[in-house]
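Participant: These are the residues of each chain, in order.
There are 2 protein chains.
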Amino acid sequence: MTAAPHTENRVSPAVQCVRIDLAQQTYDILIGSNQLGDDASWKNLPRAGTAVIVSNDTVAPLYLAQLTQRLQPHYARVESVILPDGEAHKTWDSLNQIFDHLLASACDRKTVLFALGGGVIGDMTGFAAAVYMRGVPFVQVPTTLLAQVDSSVGGKTAINHPLGKNMIGAFYQPERVIADLDSLDTLPQRELSAGLAEVIKYGPIADADFLQWIEDNLDALLSRDKAALAYAVKRCCEIKAWVVGQDEREQGLRAILNFGHTFGHAIETGMGYGAWLHGEAVGCGMVMACDLSVRLGLMPPDFLPRMRRLIERAGLPVIGPKLGTDRYLELMRVDKKAESGEIRFVLIEALGRAVVRSAPDALVAEVIGSHCA
Amino acid sequence: MTAAPHTENRVSPAVQCVRIDLAQQTYDILIGSNQLGDDASWKNLPRAGTAVIVSNDTVAPLYLAQLTQRLQPHYARVESVILPDGEAHKTWDSLNQIFDHLLASACDRKTVLFALGGGVIGDMTGFAAAVYMRGVPFVQVPTTLLAQVDSSVGGKTAINHPLGKNMIGAFYQPERVIADLDSLDTLPQRELSAGLAEVIKYGPIADADFLQWIEDNLDALLSRDKAALAYAVKRCCEIKAWVVGQDEREQGLRAILNFGHTFGHAIETGMGYGAWLHGEAVGCGMVMACDLSVRLGLMPPDFLPRMRRLIERAGLPVIGPKLGTDRYLELMRVDKKAESGEIRFVLIEALGRAVVRSAPDALVAEVIGSHCA
Numbered sequence: 001m002t003a004a005p006h007t008e009n010r011v012s013p014a015v016q017c018v019r020i021d022l023a024q025q026t027y028d029i030l031i032g033s034n035q036l037g038d039d040a041s042w043k044n045l046p047r048a049g050t051a052v053i054v055s056n057d058t059v060a061p062l063y064l065a066q067l068t069q070r071l072q073p074h075y076a077r078v079e080s081v082i083l084p085d086g087e088a089h090k091t092w093d094s095l096n097q098i099f100d101h102l103l104a105s106a107c108d109r110k111t112v113l114f115a116l117g118g119g120v121i122g123d124m125t126g127f128a129a130a131v132y133m134r135g136v137p138f139v140q141v142p143t144t145l146l147a148q149v150d151s152s153v154g155g156k157t158a159i160n161h162p163l164g165k166n167m168i169g170a171f172y173q174p175e176r177v178i179a180d181l182d183s184l185d186t187l188p189q190r191e192l193s194a195g196l197a198e199v200i201k202y203g204p205i206a207d208a209d210f211l212q213w214i215e216d217n218l219d220a221l222l223s224r225d226k227a228a229l230a231y232a233v234k235r236c237c238e239i240k241a242w243v244v245g246q247d248e249r250e251q252g253l254r255a256i257l258n259f260g261h262t263f264g265h266a267i268e269t270g271m272g273y274g275a276w277l278h279g280e281a282v283g284c285g286m287v288m289a290c291d292l293s294v295r296l297g298l299m300p301p302d303f304l305p306r307m308r309r310l311i312e313r314a315g316l317p318v319i320g321p322k323l324g325t326d327r328y329l330e331l332m333r334v335d336k337k338a339e340s341g342e343i344r345f346v347l348i349e350a351l352g353r354a355v356v357r358s359a360p361d362a363l364v365a366e367v368i369g370s371h372c373a
Numbered sequence: 001m002t003a004a005p006h007t008e009n010r011v012s013p014a015v016q017c018v019r020i021d022l023a024q025q026t027y028d029i030l031i032g033s034n035q036l037g038d039d040a041s042w043k044n045l046p047r048a049g050t051a052v053i054v055s056n057d058t059v060a061p062l063y064l065a066q067l068t069q070r071l072q073p074h075y076a077r078v079e080s081v082i083l084p085d086g087e088a089h090k091t092w093d094s095l096n097q098i099f100d101h102l103l104a105s106a107c108d109r110k111t112v113l114f115a116l117g118g119g120v121i122g123d124m125t126g127f128a129a130a131v132y133m134r135g136v137p138f139v140q141v142p143t144t145l146l147a148q149v150d151s152s153v154g155g156k157t158a159i160n161h162p163l164g165k166n167m168i169g170a171f172y173q174p175e176r177v178i179a180d181l182d183s184l185d186t187l188p189q190r191e192l193s194a195g196l197a198e199v200i201k202y203g204p205i206a207d208a209d210f211l212q213w214i215e216d217n218l219d220a221l222l223s224r225d226k227a228a229l230a231y232a233v234k235r236c237c238e239i240k241a242w243v244v245g246q247d248e249r250e251q252g253l254r255a256i257l258n259f260g261h262t263f264g265h266a267i268e269t270g271m272g273y274g275a276w277l278h279g280e281a282v283g284c285g286m287v288m289a290c291d292l293s294v295r296l297g298l299m300p301p302d303f304l305p306r307m308r309r310l311i312e313r314a315g316l317p318v319i320g321p322k323l324g325t326d327r328y329l330e331l332m333r334v335d336k337k338a339e340s341g342e343i344r345f346v347l348i349e350a351l352g353r354a355v356v357r358s359a360p361d362a363l364v365a366e367v368i369g370s371h372c373a
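Going down the list, the sequences are from chains U and S. First residue of the first sequence: 1, per the UniProt record's numbering; consecutive thereafter. First residue of the second sequence: 1, per the UniProt record's numbering; consecutive thereafter.
What the hints contain is simulated information worked out from the structure, not anything from laboratory work. A couple of the hints might just be wrong.
Which copy is meant is left open, so a pair is good if it fits within one copy or across any two.
To be verified - Dumping the calculated EDC-like pairs for lysine to aspartate or glutamate here, alpha-carbon to alpha-carbon at most 16 Å:
(1) Lys110 with Glu175
(2) Lys226 with Asp185
(3) Lys226 with Asp302
(4) Lys43 with Asp28
(5) Lys322 with Asp209
(6) Lys110 with Glu250
(7) Lys110 with Glu339
(8) Lys322 with Asp39
(9) Lys43 with Glu215
(10) Lys226 with Glu248
(11) Lys110 with Glu342
(12) Lys322 with Asp100
(13) Lys322 with Glu79
(14) Lys43 with Asp361
(15) Lys226 with Glu175
(16) Lys226 with Glu250
(17) Lys43 with Asp100
Please model the entire structure based on the sequences and the hints provided.
Facilitator: Here it is, written out as structure tokens:
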């Protein structure tokens, strides 16, 4: 089943454009090399006196000067807020640093925020934009593969709470997403692998052909081949846009995007934010969700080794931490998909088709026992 | 100009109903005596396993038991979070107490929040509902006059930041508003007066006839006559719904609802949250905005004493605190209506018609000098 349509190329051979058309906002994702340096990327954004770039102390030394220079022709003031890097800092304290800066600089409600960094920066900046003065415009400049394929579409913004990941947030759409594939050149290999977890995800849940394509092109992706990356990012954004377009507020279908995330969030929360990268936890969580799909008889037994092999080849962990079965179950019960304490899993029922359902605790315990050392 | 239509009574002679029809949500405001005790008020709300009532330590001893009892037939669990009372507690810390409770009780994304209290509780509970798991349903049960006339319509939710009032928030609509006029019987006189400030506001900005009605019925309102209160609450909600319906996101017209608020917020922030009640600051701020309207030649000179007399009769302060002109101007420049550092005032240009515009600093300074002792 290849339900999500492929989009035609609207811009140029060098730049892919995926248009996201939602009830409240239409915006473009520009995907290509040298997007950051191309003046065309920055035209026709909302006009304002002030632009504020939010970044972290890893990404800012690499790209802040370049982005500042690009924005200066368009805004009288271009300022920046640099936060500490990492999931452990996706907190109210970091968010408040953004607000402190905005208010101390008397930034008005037309101020445009630019998220320069990975998923953590994107989620926090998006949430800050959603609630500062009840909403200011923002632009995503994702510099990690994970952020380019995952945070670009869907409008999910959030911070973590000590008791659960992404528990405080909003649905809020950017004005534009500028995904410069060159920024992936500076990405540590571990983070590239983490991004591949979200790429791989789109195969089993929505597009069997794409799964096959990933298996055939994984080496090119791992060596950062620009053509392979461009196709992967574009295809993921297309699939996600197709899913989100049918279910902006995650009432139903959209939950399939959380494949691997129920187990994955438990790993992340259980280990302390930042110990595992989000993509690593999702990769390992997908192995567990594949196993559960097999144990429930939804998929044939050879599906598990096929997926485990691919996830392992991508450089991702396939063995989870030993948190204990009870702790896993407890953590999964506060997952946002849970209802009345019943854990809801995203499972595969055919290649390219996912289903959201519960599973007997005993079977879940077997999965945890088999995959956590 | 009476632009906002009067609505027909849809429920019964004893209960007024104002239907709010917005792009994303349609809901009813029920206004009358014994609304809290009437089973009909609580029917057909969103179904969920858990209801969480958010209230404060002043209101909870009065009405929490009664509301809990009403909700128990509809929800398996009815829990409560009791916050300290007052504008000084409209903070992230209080908001986080709500999140802590929701997460510790494993409340899922269907959980319904009930705001039982005044404007502070309504604004915070609404904001908590807007961002908990990216949005859960909530119901307003306003127990102050100010909250009944002002927070019931418009979907503005927020918390304060040390550098500015209501700076962090969201537009988020309730499922229903249940305004029990009997709950005003326990309201301190000072809070009743504060609520009357927002009632008075609707006259000059939108309905000259209503201004006359308030002047004629102020004594009845001050003595808590239920028929007078019912009409005032209903008419304010109608006018606000008419304004908000044309401008949900405060791009233009809606700003007129901030009449008196530019000066008023400066008083509140400058004195420290909670020293002046919001309505007191708005009352005094209206006197200053009326004076500015006169000084700019928009209104005849007798408009100022007419409004000052009414505001004073309502038991509200008409002399502002002596913060110093520079401090007033500085505080007003971070107002959400300000653009590029230019303060935007809501002024009256005819009885029942407001305009948003800037004014020369020198004239604003004269107003501050004349009304702040």
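Participant: List, from low to high, the hint numbers that the structure doesn't satisfy.
Facilitator: 3, 5, 8, 9, 10, 12, 13, 14, 15, 16, 17
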